[in-house]
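Protein chains in written order, with our numbering: chain A, 1 to 232; chain B, 1001 to 1232.
Simulated from the structure, these hints should not be mistaken for lab results. A couple of the hints might just be wrong.
Stretch-level coverage of chain B by chain A, calculated; a stretch enters the list once three of its residues show a Cβ under 8 Å from a Cβ in chain A [stated by the list, open to error]: (1) 1038–1052; (2) 1089–1101; (3) 1105–1116; (4) 1130–1139; (5) 1149–1159; (6) 1191–1205.
Pairwise CB distance ranges, derived in the manner of DEER restraints [to be verified]: (7) B:Lys1025 to A:Lys214: 25 to 31 Å; (8) B:Lys1034 to A:Lys36: 21 to 27 Å; (9) B:Val1191 to A:Lys36: 49 to 55 Å; (10) B:Ile1154 to A:Lys36: 45 to 51 Å; (11) A:Asn102 to B:Asn1102: 30 to 36 Å; (12) B:Arg1125 to A:Asp28: 25 to 31 Å; (13) B:Asn1102 to A:Lys214: 18 to 24 Å; (14) A:Lys36 to B:Pro1222: 28 to 34 Å; (15) A:Arg221 to B:Leu1018: 39 to 45 Å; (16) B:Val1191 to A:Asn102: 35 to 41 Å; (17) B:Pro1222 to A:Met175: 53 to 59 Å; (18) B:Glu1218 to A:Glu128: 26 to 32 Å; (19) B:Thr1016 to A:Val191: 15 to 21 Å; (20) B:Leu1018 to A:Asn229: 31 to 37 Å.
All C-beta atoms, glycine included, are put in the ideal place defined by N, C-alpha and C.
2 protein chains.
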Amino acid sequence: MSTKETSMGFKPIEATSLTDLVELKLRDFLQEKKLKAGDSLPTEMEIAEALGVSRNILREALSRLRMLGIITSKKKRGMVLTHPDVLGSLEKVLQPQLVDKNTLHDIFELRLVLELGMADLLFMRIEEKHLEELDKIVKNDDSTNPSFRIKNEIAFHGKLYEITGNQTLKRFQSMLMPLFDFVLKTEKRVVTPKVSHANLVELIRKGNIDEFKKGMEEHLRPHLDALANINK
Amino acid sequence: MSTKETSMGFKPIEATSLTDLVELKLRDFLQEKKLKAGDSLPTEMEIAEALGVSRNILREALSRLRMLGIITSKKKRGMVLTHPDVLGSLEKVLQPQLVDKNTLHDIFELRLVLELGMADLLFMRIEEKHLEELDKIVKNDDSTNPSFRIKNEIAFHGKLYEITGNQTLKRFQSMLMPLFDFVLKTEKRVVTPKVSHANLVELIRKGNIDEFKKGMEEHLRPHLDALANINK
């Protein structure tokens, strides 16, 4: 945080509204007091008095912390700290019509990074039943219907994320999905990758992680080539 | 979203408070009207009337959208839609004392996935000046001071993220950093990886991406082994 002083000796206020400031003070308070999930907060009246702000402003700021999932209200115990749903608020803003073009592009790259990087977790945790589930998805792969093709693409890669056993990763991926339709439109032509979903399943069965990694790179090659042609 | 009906024929309300409900309705409104950054919103009074809620409740819900960076207030134009800072609210909740243990573990894995997966972007965008910057960081690598070692670790991997040119990825990484101290403590002993930072820079210079990927895997091997030993 900036501690630059203006010519009059004032420190600039980081927040842009009184509610922003109160929100910031509340979050600082939680951190300084090292409060953890399950701990109780002072009452609204006590906090409002301590900060010297109106109940309305305080309620707005508390409402933000409620949305973030940091606090909740419990009968008889008042406000209590909770484990936040870390991806909850990210989910609310990840909508194609809201996000700017550069961020959309960044997120598309992020998806490629995740798919290229998750091979180790995948090989660590894959079981026979997962291979059978992948087989089923791949069986439907030869459809020539484009919208079906996209559904199948999501089902296949979604299953890979699921197999990693990492709930946060899996949920992150499903949140990123709606953004890709939008980005894929900027890739002018659909190139069929040399390594298909069926090939990738074969490579997993074979059990050689390095070969699988190269296979995944080839599978994603059309997107990687499209990126390389964009001047960032 | 669930559309299950209860025995009396009511649809359950997804939101848990009136403010949650108003927030949801506002976000649905933006999506249905396909509003984009720069578009104006109706006035507070008009929205409060249309929803049949008090100005106080509406203000709480609007304050949440302000925090998400979806709306802002402009002189003479009233409330206007903006491009949200997608990682802004995630940053507010990613604090070690707030996040539950499973999520912390997931996020630590996510970091490994990112580091293993970003080689393609790295090789696509690395320039001579970046190699020189990496050399400088590596030169300080032989310190035996443990806290310096962590700083150097952050500097080296942070630089790799920076070189990918992906701002969202870079910022995401710097947000994840404070959580790792905490997770690293669960890895009982510090194992020196066979492939050092200096080796990784050599591999980048050599220009063979497959060798670099294997090198990065070896570099992260102690963490990967620690994961494999944890029953998820």
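Hint-by-hint comparison with the structure:
With 0 residues carrying a beta carbon less than 8 Å from a beta carbon of chain A, the segment 1038–1052 of chain B misses the three-residue requirement, and the given coverage is violated. Counting residues of the segment 1089–1101 of chain B whose CB falls under 8 Å from any CB of chain A gives 10; the rule of at least 3 is met. Here's how the segment 1105–1116 of chain B fares: 9 of its residues keep a CB closer than 8 Å to some CB of chain A, so the rule of at least three is met and the hint holds. Counting residues of the segment 1130–1139 of chain B whose beta carbon lies closer than 8 Å to any beta carbon of chain A gives 0, which falls below the threshold of three, so the coverage claim is violated.
For the segment 1149–1159 of chain B, the proposed coverage by chain A is not satisfied: 0 residues have a C-beta within less than 8 Å of a C-beta in that chain, short of the threshold of three. Counting residues of the segment 1191–1205 of chain B whose CB falls under 8 Å from any CB of chain A gives 0; the rule of at least 3 is not met. Lysine 1025 of chain B and lysine 214 of chain A have their C-beta atoms about 49 Å apart, which leaves the hinted 25 to 31 Å range violated. The given range of 21 to 27 Å is broken by lysine 1034 of chain B and lysine 36 of chain A, whose C-beta atoms sit roughly 42 Å from each other.
Separated by about 30 Å at the C-beta atoms, valine 1191 of chain B and lysine 36 of chain A break the suggested range of 49 to 55 Å. Distance hint check for isoleucine 1154 of chain B and lysine 36 of chain A: the Cβ-Cβ separation is about 25 Å, which falls outside the suggested range of 45 to 51 Å. For the pair asparagine 102 of chain A and asparagine 1102 of chain B, the beta carbons lie near 32 Å from each other, so the given range of 30 to 36 Å is met. Taken as a hint, the range 25 to 31 Å is violated for the pair arginine 1125 of chain B and aspartate 28 of chain A, whose Cβ atoms sit roughly 37 Å apart.
Take asparagine 1102 of chain B and lysine 214 of chain A: their Cβ atoms lie about 32 Å apart, and the range 18 to 24 Å is violated. In this structure the supplied range 28 to 34 Å holds for lysine 36 of chain A paired with proline 1222 of chain B, their Cβ-Cβ distance being about 29 Å. Remark: the range hint 39 to 45 Å for arginine 221 of chain A to leucine 1018 of chain B is contradicted by a beta-carbon distance near 51 Å. Restraint check, valine 1191 of chain B to asparagine 102 of chain A: a C-beta distance of roughly 39 Å satisfies the suggested window 35 to 41 Å.
Judged by the Cβ atoms, the range 53 to 59 Å given for proline 1222 of chain B and methionine 175 of chain A is violated: they are separated by roughly 31 Å. In this structure, glutamate 1218 of chain B and glutamate 128 of chain A meet the distance hint of 26 to 32 Å, their C-beta atoms being roughly 29 Å apart. For the hinted restraint 15 to 21 Å between threonine 1016 of chain B and valine 191 of chain A, the CB-CB distance of approximately 46 Å leaves it violated. At about 50 Å, the CB distance of leucine 1018 of chain B to asparagine 229 of chain A disagrees with the hint of 31 to 37 Å.
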